[in-house]
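J.: The chain contents come next:
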Amino acid sequence: MLALLDIVMTSRRTFFKAAAGATLAAWTANPLWTWAADANSELVLPGKDSLIVRSYRFVDLETPVEYFNTWLTPVPRFFVRNHMHEPIVLGADDWTLSVGGEVEKPFSISLPDLSKLEKHSVVNTLECAGNGRGLQSPKVPGIQWGKGAVGNARYGGVRLRDLLQRAGVKSSGKHVMFRGMDEIPGNVPPFIRSIPIEKALDEDTLVALEMNGATLTKDHGFPARALVPGWIGAASCKWLSEVRVLDQEFVGNFMSPGYRLPNQPVKPGEAVKPEETHPVTSLRVKSLIAAPRDGSQVNSRTLPIQGVAWAGEAEISRVEVSTDGGSTWHLAQLGHDKARYAWRLWTHKWKAPKGGEYIVMSRATDSQGRTQPATAGWNPSGYLNNAIDQVKIHVEA
Amino acid sequence: MWKHSAIGLVIVLGILGNLVARAQSEPPALPAGPMQEKATTACTECHESRIIVQQRLSKAAWTKEVDKMTKWGAVVDPKDRDSLIDYLSANFGPDRPAYVPDRSTPFPARK
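Chain order of the listed sequences is A and B.
Taking the numbering used here, the leading residue of the first sequence gets 334, the next gets one more, and so forth.
Taking the numbering used here, the leading residue of the second sequence gets 530, the next gets one more, and so forth.
If you are wondering where the hints come from, they were derived from the structure by calculation, not from laboratory data.
Treat each hint with caution, since some may be false.
To be verified - Over 12 Å on every C-beta distance to chain B, these chain A residues come out as not near it, computed from the model:
#	residue
1	E375
2	R390
3	F391
4	E395
5	P409
6	I476
7	Q581
8	P612
9	H663
10	T708
11	G710
Unchecked claim - Chain A stretches covered by chain B per the calculated footprint, using a threshold of three residues with CB under 8 Å from any CB of chain B:
#	stretch
12	380 to 389
13	462 to 474
14	512 to 523
Unchecked claim - Over the 12 Å line for every Cβ pair with chain B, so calculated as not near, a few chain A residues:
#	residue
15	L444
16	Q477
17	A709
Fair warning: this is a prediction, and the values are worked out from it, not measured in the lab.
All residues carry an ideal CB built from backbone N, CA and C; glycine is no exception.
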């Protein structure tokens, strides 16, 4: 059944909960209506484990921060951001990727042929540009993400540059556009974005077919997605069907007005002229506290403070922890696992001087000397909120 | 042959699965009010209500959203536009209590 699902994808609107073998077993054991009634209050998402449901149609799922205790985020716990509906039916046999535009020899390639090309893998921290939007004030429209629209995974596939070199990019080729097969409701503009040719030709920019060593699931773009390391998730177009070389940045809603930041800092709530904005590209330096959990009661005065930190295309230099609301800071120990675009685990052993309320904070600094700010600059779309993280805990005396 | 049977099975399971899915994951109804029905029809044709009820927006921001969504295909009678904006602003304005999202059930890791 699972192998079949990897071959045939259907929209959650027409097909959903049948995915799991366990579900099939339940069906044979119980009349369907009884089973459904019993599960009435539950929100079952096959292949996903206890995620925060920001939306289900379209699928937008957030990872609770306490799951960020492993270097690689398991796929069942990895956040999902869909701008619109998943493709309704997608047969791997029928799928092809076309490479065209400002190239000498446009071509299309099937999945089996793509799979035969030289493989390359990249461990990358993927974060939605809007992660932390729900923590901004005043609120701005969009999915009200808390802290967990981020995860770290090993992506395997082929280098985009191998495909582009095979096609032969003309000197007029300046940007590379990705088209996804998202099913478009109403008159919504298609989900198409572009990246500059330099990033497209980077040795670590992929057409990814795998995530953590397994075939991509449909939530994550089966059969193929772009993987633009160190950049916002929206750059890494899912359900990829077309790569097109352009002589300029793609003109469309998801390049402008979507996914742009003001060139200059703006006052909270202030409108920004479109011509005074630029595309969001690389992620910012950021850290999150995975443990202890915000609002938790801790019954030991000695406890580890743990989390993750990442910096887009830069490296994490250090993570510091404060347990006194930001007055003093202490270096956290960084985990051994590292890769160019991947987050670092970090930990700090702390002994509370006495019982009571504490504000625990984390702040990361990257290899270019950039440190997380106390509060991130407000912007009209709530992008790249990388404010210092903090949790409030109660330590038992 | 096997492939066609398999696709047929998926379609049948899909129809059944959809019934189960709806029973399990019904998003919240939009709040009572003169525009409840029209808002439900106009907005949830393309996306579920969770996307609306999690917002905390000013009237100016709701106005931009309603106009954008109308341009994108939401069916809003021009004479209902202002009432719809008022309804959304009144129910999902900045002064409303924080929204608490749902959690999905635990699910075994898929190899």
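J.: Hint by hint, where does the structure go against what was stated? Just the numbers, ascending.
T.: Hint check: 1, 2, 3, 4, 5, 6, 16 fail, others pass.
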